[in-house]
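Undergrad: Numbering of the sequence shown is given in the working numbering, commencing with residue 59 and proceeding in unit increments.
No wet-lab data here; the hints were simulated from the structure. Please read these numbers as outputs of a predicted model, since none were measured by experiment. From the three backbone atoms N, C-alpha and C, an ideal C-beta is built for every residue, glycine too. You may find that some hints are simply not true.
Claimed, not checked - Taking CB as the label site, the calculated pair distances span: (1) Tyr210 <-> Gly166: 28 to 38 angstroms; (2) Gly133 <-> Pro191: 27 to 37 angstroms; (3) Arg193 <-> Gln227: 36 to 46 angstroms; (4) Gly160 <-> Asp241: 36 to 46 angstroms; (5) Pro195 <-> Ser145: 35 to 45 angstroms; (6) Leu233 <-> Val190: 20 to 30 angstroms; (7) Thr181 <-> Ala134: 17 to 27 angstroms; (8) Ser183 <-> Ser132: 17 to 27 angstroms.
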Amino acid sequence: MGRPWNAAVALAVFAATVATGLPQAVKSQGSVFTAADVDESQFVMVAAPIGKGESSQLNIYEQRSSARPCFEVSGASPAVVDPLLASFDFTGICNRYIDGNGYSLRIGGDDLGTRYRLSVVKTGSDVELLAVPTRDPSRPTMVVARSGGAGYGFLQLVLEPGWKLMRRQYGKRTLGHLYVYRDQAPGLSSAL
């Protein structure tokens, strides 16, 4: 006898969820979190080689204390990054953000982490960090950062004008997740 009642309750909960528009609240992740400023001088964005170096991924390194340097940048166009944090226990000294668990794209009040991925792409003359749509291919791909020239190894990525790093915030609590942030989409009048 209990089973038909459970099915009826489940159906009622489902109907109420659909009727109240709860799925819309789930879509708008940006309303749950806000973004807080960071001291960008303590961060470096890096095109980090994968495997034999034919492709790269975004790494972001953060200097949290002055106990020991976490990275060293040398040269220009492109600048090369030495990830010093790979040679010691960096707990409490450095942070390393290496994938979508550590960073995502945010434009204004909208967290686009599930709709865009950040991809490092090597072109003939540069290395670019692109925001690539994952769900809707009609959405624009955006250039977020560049190395300033072709090269190999760990290359510094410099944000394009209008982009900056920010930290995810929940209420007044600052979280460990970083946003690659912009107030508005570049050159777009419609919402993403």
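Undergrad: Give a verdict on every hint.
TA: Hints, one by one, checked against the model:
1. One distance hint, 28 to 38 angstroms for the beta-carbon pair Tyr210 and Gly166, holds here, with the actual separation near 36 angstroms.
2. Between Gly133 and Pro191 the C-beta distance comes to about 33 angstroms, which sits within the given range of 27 to 37 angstroms.
3. The supplied range of 36 to 46 angstroms is broken by Arg193 and Gln227, whose beta-carbon atoms lie about 25 angstroms from each other.
4. Distance hint for Gly160 and Asp241: a CB-CB separation of about 22 angstroms, inconsistent with the stated range 36 to 46 angstroms.
5. The beta-carbon spacing between Pro195 and Ser145, approximately 41 angstroms, falls within the hinted interval of 35 to 45 angstroms.
6. The beta-carbon spacing between Leu233 and Val190, approximately 24 angstroms, falls within the hinted interval of 20 to 30 angstroms.
7. Taken as a hint, the range 17 to 27 angstroms holds for the pair Thr181 and Ala134, whose Cβ atoms sit roughly 18 angstroms apart.
8. Our hint of 17 to 27 angstroms for Ser183 and Ser132 holds, since their Cβ atoms are close to 21 angstroms apart.
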